[in-house]
Amino acid sequence: MNSNPSPLNSSRYEGCTLTGALSVTTEVRDAISIIHGPAGCTHHNFSLLHATHLSNDRLEVPRLLSTRLTENGIIFGGEDALEESLARAVSLAPASVFVLSTCIVETIGDDVAAICAKDRGVPVIPVPTAGFLGGVFETGVRNALSSVASLARPATETTLSANLVGEKNLEYGADENATEIERLLSRLGITINLRFVRGIETRDIGRLSSAAVNILREPALRPVGEDLDRRLGTPCVDSFPAGLTGTCLFLEEVGRICGIDATAAVEEERAHQAAMLSRFDDIAGSRVCFQSPHPMLRGDPGAVAICTECAEALDLTVDPDGAAIPLPYPAPVGTAGLRRMLHRWRVLIREKQRG
Amino acid sequence: MKQIALYGKGGIGKSTTAANLSAALAGEGLDILQIGCDPKHDSTRMLMHGTWIPTVLDLIRERGDETITADDVVYRGFRGVRCVEAGGPEPGIGCAGRGIIATFQLLERLDALKGDVIVYDVLGDVVCGGFAMPMREGYAQEVYLVTSGELMSIYAANNIAKAIARLSRRVRSRCTLGGVICNAKNIEGEQELVEEFARRINSRLIAYIPRDRVVQIAELQKQTVVEYAPESDQAAVYQELARTVYGNETTSIPTPLEMDELESFALEFVQV
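So the sequence lines, in the order shown, correspond to chains C and S. Numbering of the first sequence is given in UniProt numbering, commencing with residue 1 and proceeding in unit increments. Numbering of the second sequence is given in UniProt numbering, commencing with residue 1 and proceeding in unit increments.
Just chain C, with the same shape it has in the complex (with noise of 0.2 Å):
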C-alpha cells in the first residue's frame, strides 16, 4: 500500500521503459539481466534499484551486466560486445538470462533477438526495452512480464490458486498489499500460486501456468492478462481490490472466475470492514478536505471515490475548510489498505484540530 505521493509512482507512466523491465527481470533471483548498451544505462538503473531496495529494507543487490559499448560497438555494431556478454554471464551459472536493448543498439539495429536464440544451454530471453521509441516505465513492466512469461508451459491440470501479476516491486508496500490479497483469497480457500514477478527463481516460472486466475496488479496490465490467457489459458482479475465495495466486488469476482459462491466470504468481509471502522468512530464528524497528492500530479481516478466512500461509512463531512487528505496514489488495496489510509486520515484530523 504506497499512497505516498513520492516521484517513484508518478514516473510509471513516465520514466525509462528499460527501468520497468528491470523492475520485473530483477526479480528472478537466480537470473542475470544483461544491459546491451553503453555502461552509463547499468549503472543509473542498478544506483536506482540498490537504493530502492534499501529505502525498502531489502538487501538484496540487483545482477546486472553491461555489455559497455563505446562508440566503435556502435560504428561496427554492439553485436560482438553482445556475444561476449552472454558468455560471460553463462559462465557465472544463472537459471536464465535477460537481455534488455537500449535507445541506442536499437537505433543502430542490432539483432539483439536473433543473437538470443542461440542455443547457449540456458534460458535467454529479449525483453525489448529501448525508451526512445516512447515507451514508459509501465511499457518496460508489460514487455518485461510478457517475456518472462515464454518459460512457462501450457499446464495439464491448474490448482484453486492465484498469480499476483505485476506488483509495483520498487514501492514500499508491495509486500504488505500482497499479504492483504491473500487474506482476502484465503476466505474463497484460494492460495498464491506464485509472486509473477516478485522475488522467485527461474524454475518457479514453469508454475505460471498452473493457477486458475491471475489477479492483475492494475488495469495498465490488461494487455499482459490477456496474453497470458491467450498463450496459457488462465482468466484474470485486472485489478488489485480497492474501496469498501470494490474489495466485496473484487471477492464475487474472483469467485465467479473460479466456481466458488462468495456470498458467505463477502458476508466476512463486510463484518470485518465494519468492525475496522468501529475503530475510526473517534473521528466521527470531522470535517475534511480532499486535495490532490502533489503540485505534480493528478490523484488516482478511482481514489475520490474510494474516499468519498470512507467518508460516509464515518460519517465525515466533505468541506473546503476541512482537514487537507492528500488523495492516495495509487488506489490503497484492500481493507487493510482502507485501514492505513484511515491512520493517516486520524494523525491530519487531530493536526488540524489541534490548529
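Heads up, none of these hints are tricks.
Chain C side only, calculated, beta carbon under 10 Å to chain S, not exhaustive:
hint, residue
1, E71
2, N72
3, G73
4, I75
5, F76
6, G77
7, G78
8, I104
9, G109
10, D110
Since the hints were derived computationally from the structure, they do not count as laboratory data. Quick caveat, the model's predicted, so the values are computed rather than measured. For glycine and all other residues, C-beta sits at the position ideal for the given N, C-alpha and C.
Following the hints, position chain S against chain C.
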C-alpha cells in the same frame, strides 16, 4: 586552404569527377588531400592505381584509435595526391554515419586535414547527420553538386541543396553551394536542363563534363583520365574544371525546389 565537397546521387560519377579533379589540381602544383567518405571506400582507387588502401575505420576496428598515425591512413597516389578512405562497418550492421564523424575526429587529432585543397567525396545521399559532417563548420566551405540531366539525379541534388540550406542557417556555418557540375549522360538538352535547375536553386552550372568512352577505358587501366590520356579532350575538361573550382569565389545559399516545383520543372524540359 580551400575545402570542397562533392555530393550527388549514387553512381552519378562523383568519385571519377573527384579523382580527376584532384589529379588536375595536383597538376597545377597544388598539394591535394582527397577523402573518400563512403563505406564502399572506392573514391581514391584510380588515384592509387587500383590499390585498395586501408580505411580509417578498418584500422580503428583492428587496432583501436590509440596508436594510429597519419602515415597509417594517408597514402600518396598519382602526382602526390594524398588519399584517405573513411570506410565503414560491414554492410548491414552498425552505424556508418557515426563512422564518418569518428573518422573526422581522428583526422583532426592527427593533424592530417591540411594542404592547398581538400576534396571530400561523399556518399550519394545525406541519409543522416554523419554524412552531413563534411558540410559542417570547419570542413568544406563549398559544396559542388554532381548531377546528370536525369530526374532522379536532379531530385537527389535538390535534396542535398536542402541539407546545405538547413546547415547554412546555423550561426557559425560557413557551408555554401559552390555550383553544379553536370556529368552528362548524353540526354538531349541536358546542359540547358541542368543549367536551368542550377539557376532555379540560386546557383550556377560551373562545368559540363560530356560523356566520353575514355573515362571507362582509363578506369579499366586503373587510372584517372588525367593520367591515362593527358592530351585528350576529356582531360582538358577536367583541367578546366580544376581551374574553375580553384578560382571560384562566387558561392551561394541554395533555394531548393519544392516537390511540385520540381515536377513542373521536369514537365517543362522533358519531351513526351
